[in-house]
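Colleague: In the order they appear, the protein sequences are chains A and B. With our numbering applied, the first sequence corresponds to residues 1 to 242, in that order. With our numbering applied, the second sequence corresponds to residues 1 to 242, in that order.
Hints may be right or wrong, so weigh each one.
If chains are identical, the list can't say which one is meant, so a pair holds when it fits in one copy or spans any two.
Derived lysine to aspartate or glutamate pairs resembling DMTMM-like cross-links, with alpha carbons at most 25 Å apart [unchecked claim]:
| hint | residue 1 | residue 2 |
| --- | --- | --- |
| 1 | Lys143 | Glu204 |
| 2 | Lys15 | Asp73 |
| 3 | Lys42 | Asp73 |
| 4 | Lys15 | Glu76 |
| 5 | Lys8 | Asp33 |
| 6 | Lys15 | Asp33 |
| 7 | Lys15 | Asp114 |
Worth flagging that the hints you see were computed from the coordinates, not collected in a lab. Keep in mind the model is a prediction, meaning the values are calculated, not measured.
There are 2 protein chains.
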Amino acid sequence: MSEISSYKFCVEPQKVDFTLCAAIPAMAGVILDTAGLDAHGKGFGVDALNARNCSWVLSRMALELDRRPAQYDTYEVATWISDYGRVLSTRNFTLTDASGAEFGRAVTQWAMIDLTARTAVDLSGVGREHADAMIDRPSPTDKPRKILSINPTTYVEHRVVYSDIDFNRHMNTLRYIDLLFDAMPLELVASQRAVRLDIHFLRECRHGQLLTLGSEQRDDVWLFTINNGEQEAVRASVEWRS
Amino acid sequence: MSEISSYKFCVEPQKVDFTLCAAIPAMAGVILDTAGLDAHGKGFGVDALNARNCSWVLSRMALELDRRPAQYDTYEVATWISDYGRVLSTRNFTLTDASGAEFGRAVTQWAMIDLTARTAVDLSGVGREHADAMIDRPSPTDKPRKILSINPTTYVEHRVVYSDIDFNRHMNTLRYIDLLFDAMPLELVASQRAVRLDIHFLRECRHGQLLTLGSEQRDDVWLFTINNGEQEAVRASVEWRS
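The task is simple: from the sequences and hints, build the whole structure.
Modeller: As structure tokens, then:
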């Protein structure tokens, strides 16, 4: 059984918004960077998988931030894999500040896909192979929640461009999160309110596609659905707390 | 008189496009990060200036890349200030790969603005104050060129959103560069052709403004103008070589 890995970060100027605190989408980016770093360091990163014609694909993410750290603040991200299902593996994160206080946490669920067939690989074997990378510690908060129904009242469009796409020519995960936060009022996304984001990636969006983001606000909860012109591609909720 | 400072970087996965080479806008980002790092380390970064109610504003940039480094390649960025005019200071950069071969270079020109008056500060005094940060070595290529006339033939629109803005609530420099590369054909921007970018920042664009990007192609040169609905805000050219 492995140890929990921790990575130290500093809130770099390119991660802050005009309040000089880290933007929420930037913190989501750090979570994903940490996942990549840790998987790479343990020998099952995207590069190692690519050699076997596979890749990790983020299926769902839940991110809670109690507050946003300030520019140049240092913090630590601890990460561990708690389980492998047949289709999804669960990678967890806690964020702690320099004094050791936890200020955020995340739970991500990943599928492994075969790059030719573009279908999910059965993870049962992988789970056994990576057994010594697993940690017997539960997720630090609820796993990503299902978002059952959305009745959008406002829509914005977004064309998928070069700066949006990843190594697969698909819309980059973080750009979807940007779209969500871009669609809420500036005062809200730049506030210091605690927040929980749940996001489900259902289908890929390709370069050139015109996306439609539909939003519905229910008090402190914003619900989102992104359609790529053919089908629903992403569903998300952002819950503002306190 | 100071030494030239060098900073080591690695092409991180979040900087590459689907060709697994660094995207040109990402390299422009590294140039600006290096400028920030170096100024911060030498005591005249944005943070020190803010304490005096001033800030650096990028006025013009020229970036040449002979080729784009591959993911995980290491490289070094050397940077030095060669001169202070009354309004603009010139900061230079060379990019060299692990074998010591130069593969890119940049020249940037910066104004210092008073944050209340939002007007340029006379740099004559600053030049004397920072004399020991200056290096007697010429710029590694032509300074940013004037772009005299543009007759746009195509237009795209872009609303300035939260993810576009910087600590001043203005459109972030890098997002303008993204807009340019997003407006050219994917095969071109993801090619390994040598390239020179010249960009002039004329006016600020604010959150919520609807920008219009006009483009004109003259063989291997693409000319761009960005209007913020009130006035011309940015003018740029991208020259594809070899």
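Colleague: State for each hint whether it applies.
Modeller: A quick look at each hint next to the structure:
With identical chains, the CA atoms of lysine 143 and glutamate 204 are at most 25 Å apart within one copy only, with a shortest distance of 22 Å there and 42 Å across copies. Proximity of lysine 15 to aspartate 73 under the C-alpha cut-off of 25 Å is found in both arrangements, the shortest distances being 11 Å within a copy and 23 Å between copies. In this assembly of identical chains, the alpha carbons of lysine 42 and aspartate 73 lie at most 25 Å apart only when taken from different copies (20 Å versus 27 Å within one copy). For the identical chains of this complex, lysine 15 and glutamate 76 are neighbours both inside a copy (16 Å) and across copies (22 Å), given an alpha-carbon limit of 25 Å.
In this homomeric assembly, lysine 8 and aspartate 33 come within 25 Å of each other (Cα to Cα) both inside a single copy, at 12 Å, and across copies, at 19 Å. Proximity of lysine 15 and aspartate 33 under a CA criterion of 25 Å is satisfied in both settings, with 13 Å inside one chain copy and 12 Å between copies. Taking the shortest Cα distances, lysine 15 and aspartate 114 sit within 25 Å of each other only across copies (24 Å), while inside one copy they are farther apart (33 Å).
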